[in-house]
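Chains as they are written, first to last, in UniProt numbering: chain W, 1 to 92; chain Z, 1 to 92; chain L, 1 to 92; chain H, 1 to 92; chain E, 1 to 92.
FYI, nobody ran anything at the bench for these hints, they're computed from the structure.
Glycine included, each C-beta is placed from N, C-alpha and C at the ideal position.
There could be a bad hint or two in this list.
Stated by the list, open to error - A few chain L residues facing chain E, derived, Cβ under 7 Å: (1) Ile11; (2) Ser22; (3) Asp69.
Said to hold, decoys possible - Computed list of chain E residues with no C-beta within reach of chain L, every gap over 12 Å: (4) Ile2; (5) Thr9; (6) Ser18; (7) Gly48.
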Amino acid sequence: MIIGKVVGTVICTRKNSSLVGSKFLIVDPMEKMEIDGCDRIVAVDDVGAGIGELVLVATGSAARLGCGDPNSPVDACIVGIVDDPQKIVIVE
Amino acid sequence: MIIGKVVGTVICTRKNSSLVGSKFLIVDPMEKMEIDGCDRIVAVDDVGAGIGELVLVATGSAARLGCGDPNSPVDACIVGIVDDPQKIVIVE
Amino acid sequence: MIIGKVVGTVICTRKNSSLVGSKFLIVDPMEKMEIDGCDRIVAVDDVGAGIGELVLVATGSAARLGCGDPNSPVDACIVGIVDDPQKIVIVE
Amino acid sequence: MIIGKVVGTVICTRKNSSLVGSKFLIVDPMEKMEIDGCDRIVAVDDVGAGIGELVLVATGSAARLGCGDPNSPVDACIVGIVDDPQKIVIVE
Amino acid sequence: MIIGKVVGTVICTRKNSSLVGSKFLIVDPMEKMEIDGCDRIVAVDDVGAGIGELVLVATGSAARLGCGDPNSPVDACIVGIVDDPQKIVIVE
Chain W
1 MIIGKVVGTV ICTRKNSSLV GSKFLIVDPM EKMEIDGCDR IVAVDDVGAG
51 IGELVLVATG SAARLGCGDP NSPVDACIVG IVDDPQKIVI VE
Chain Z
1 MIIGKVVGTV ICTRKNSSLV GSKFLIVDPM EKMEIDGCDR IVAVDDVGAG
51 IGELVLVATG SAARLGCGDP NSPVDACIVG IVDDPQKIVI VE
Chain L
1 MIIGKVVGTV ICTRKNSSLV GSKFLIVDPM EKMEIDGCDR IVAVDDVGAG
51 IGELVLVATG SAARLGCGDP NSPVDACIVG IVDDPQKIVI VE
Chain H
1 MIIGKVVGTV ICTRKNSSLV GSKFLIVDPM EKMEIDGCDR IVAVDDVGAG
51 IGELVLVATG SAARLGCGDP NSPVDACIVG IVDDPQKIVI VE
Chain E
1 MIIGKVVGTV ICTRKNSSLV GSKFLIVDPM EKMEIDGCDR IVAVDDVGAG
51 IGELVLVATG SAARLGCGDP NSPVDACIVG IVDDPQKIVI VE
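Next comes chain W alone, as it looks inside the complex (with noise of 0.2 Å):
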């Protein structure tokens, strides 16, 4: 999983059908969180996450479990809020 910041929203009225009613938030990966070199990925939120939380992302197959529906084509999804960016311990 990678760590994120909610930056953003989009919405798509023409979509497919089990993907309605999902919310789609644009997520900026922490700084080193780059997943597959890219800076950006759009998520499915499942937990209730807002603009400017720090998220925990899950990417690939793993994102459909997290949305809910197993058989909605999600490949990225917010499975968890972090409580605290400062509680982050990073030890180099």
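Given chain W's structure and the hints, the job is docking chains Z, L, H and E onto it.
For chains Z, L, H and E alone, kept in the frame of chain W given last:
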């Protein structure tokens, strides 16, 4: 998922039998959304997208769920069309 | 999927038993279509591609669906041959 | 799999219900083993790893098999602890 | 799949129970075949490869099919040994 712009099409007469009838569109990911450092991908279209439209693309195993045939050898699928590019709200 | 050009072959006599009979081709992704920043991949051929042809390659779990044996340890498969490279329409 | 060093932890009180009880560790891949050009990932710990230890991390769908719950939205899991970093033999 | 050279080994006494008995080899992808921009990976060996040999490596979910245990948390597996590196024909 990533957001990208449909920039072209490609036609394959000889192809895997489960791909017969699929429409292949070439998509350029939005700035900062290149997947795997890949600046351009071929995606099957599930929602009736056209050249120039901004679309939501699911990749990996999620793509098969998006394209209507879970046994199709597809790794990228257009699953939504962005309503209004101006409405993509990004707060950095 | 990505579009690439078949540039070579590789032979493995000692291999996983479910790969016996598979044809391995070396494919160079088209400009801007490098997958995972990878400039060259080995793909199983499902459609009778030859050296020099432009092909459509599915990667990840999709590749197994493309190669005819869903239990084969294959992560890249040629699933189509591009009709006419000149007909790839790209409108940037 | 890749080899990395456990450098930190992250806590998410609000999270997907199947992640309750999971321990999230932050792992820095060993030199040359960055996955997807990603310099730091969050992995679930399955083997009792601690800060500073060198670990073996499985990613993608393999991670779910490593973390004990195949329905958990997990895409990276620590599946082994390297015995002795000095014993990693590399002959280039 | 990618082609790489076996350059080392790594030992993990404490590991996921389904990995007991697995041999972990460190593989350096061939030039231009780095996966996900990753210059070195740890792969389970299924075909009896040795240090210095050129091997075919399957990644992602395909690796589990290659390593004999579909429930093993493995994301990279050596599935073939290249017959003769001189016979890799590449026509650019």
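Here's how the hints hold up against the structure:
For the restraint placing Ile11/L at the interface with chain E, the shortest Cβ-Cβ distance is roughly 5 Å, inside the 7 Å limit, so the hint holds. Among the interface hints, the one on Ser22/L is violated; its C-beta lies about 9 Å from the nearest C-beta in chain E, farther than the 7 Å criterion. Checking Asp69/L against chain E: minimum C-beta separation of about 9 Å lies over 7 Å; hint violated. At the 12 Å boundary, the C-beta of Ile2/E falls inside the reach of chain L, the nearest C-beta of that chain being 6 Å off.
Here Thr9/E stays apart from chain L, with its beta-carbon at least about 19 Å from theirs, past the 12 Å limit. Distance to chain L confirms Ser18/E as a non-interface residue, since its nearest Cβ pair spans about 17 Å, more than 12 Å. For Gly48/E, the requirement that its beta carbon stay farther than 12 Å from each beta carbon of chain L is not met, with the minimum near 7 Å.
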